[in-house]
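Start counting the sequence shown at 1; every next residue gets the next number (the numbering used here).
Everything labelled a hint here was simulated from the structure, so no lab data went into it. Just so we're clear, the structure is a prediction, and the values are computed from it rather than from any experiment. Worth double-checking, as some hints may not be accurate.
[Stated by the list, open to error] So the derived label-pair ranges between C-beta atoms look like this:
1) Gln113 to Ala29: 29 to 35 Å
2) Gln113 to Ala138: 25 to 31 Å
3) Gln113 to Gly23: 18 to 24 Å
4) Thr36 to His89: 56 to 62 Å
5) Leu105 to Ala29: 34 to 40 Å
6) Glu139 to Glu111: 39 to 45 Å
7) Val92 to Asn124: 40 to 46 Å
8) Met1 to Lys143: 42 to 48 Å
Beta carbons: idealized from backbone N, C-alpha and C, even for Gly.
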Amino acid sequence: MDIITQLQEQLSEIAMLAVNTFGTLQRDAPPDRLSTSYPDPLNPNPKPEEDAKPQVQAPPGAAPAQAQPPAPPQAPALDLAEQPKAMSHALVLAAKKFDALVAALPLSSEEDQLKRIQELQAENEVVGLELQKQLEAAELELKQVEVLFNEATDNCINLKKPE
Numbered sequence: 001m002d003i004i005t006q007l008q009e010q011l012s013e014i015a016m017l018a019v020n021t022f023g024t025l026q027r028d029a030p031p032d033r034l035s036t037s038y039p040d041p042l043n044p045n046p047k048p049e050e051d052a053k054p055q056v057q058a059p060p061g062a063a064p065a066q067a068q069p070p071a072p073p074q075a076p077a078l079d080l081a082e083q084p085k086a087m088s089h090a091l092v093l094a095a096k097k098f099d100a101l102v103a104a105l106p107l108s109s110e111e112d113q114l115k116r117i118q119e120l121q122a123e124n125e126v127v128g129l130e131l132q133k134q135l136e137a138a139e140l141e142l143k144q145v146e147v148l149f150n151e152a153t154d155n156c157i158n159l160k161k162p163e
């Protein structure tokens, strides 16, 4: 795989990591209170004493009023503090790999590039002339084959008996 293709793939990987990282940070970021005139997003109930009702417990020997179903098993909690660090680390590693690929690109001066272009143009002219010669030879051979084919068909037609 050439270095330009590697650079393109690495750039795609960086873009994917950036989108995932920013999306995760946006999704997992805690809400922020913009103004005191709006309710606090972390505490939607500013007056908890109104909703607090005393719990009446049954005596120790009494049967419970309703049996509660067992709680479903909970998945292990993700460490939200470590996830952005890991994603940022992956993004930095991808950027460093991209920088290493860019550093591996061959450096050449403008004069070297112009010289290489002239060499390629001269090579192109030589190959173009050779191709033109081969085309002319193929056309000549085609004409010869057509003449021979016409002669062969004429001979076959002339051998038929008239009806």
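Hints breached by this structure: 1, 2, 3, 4
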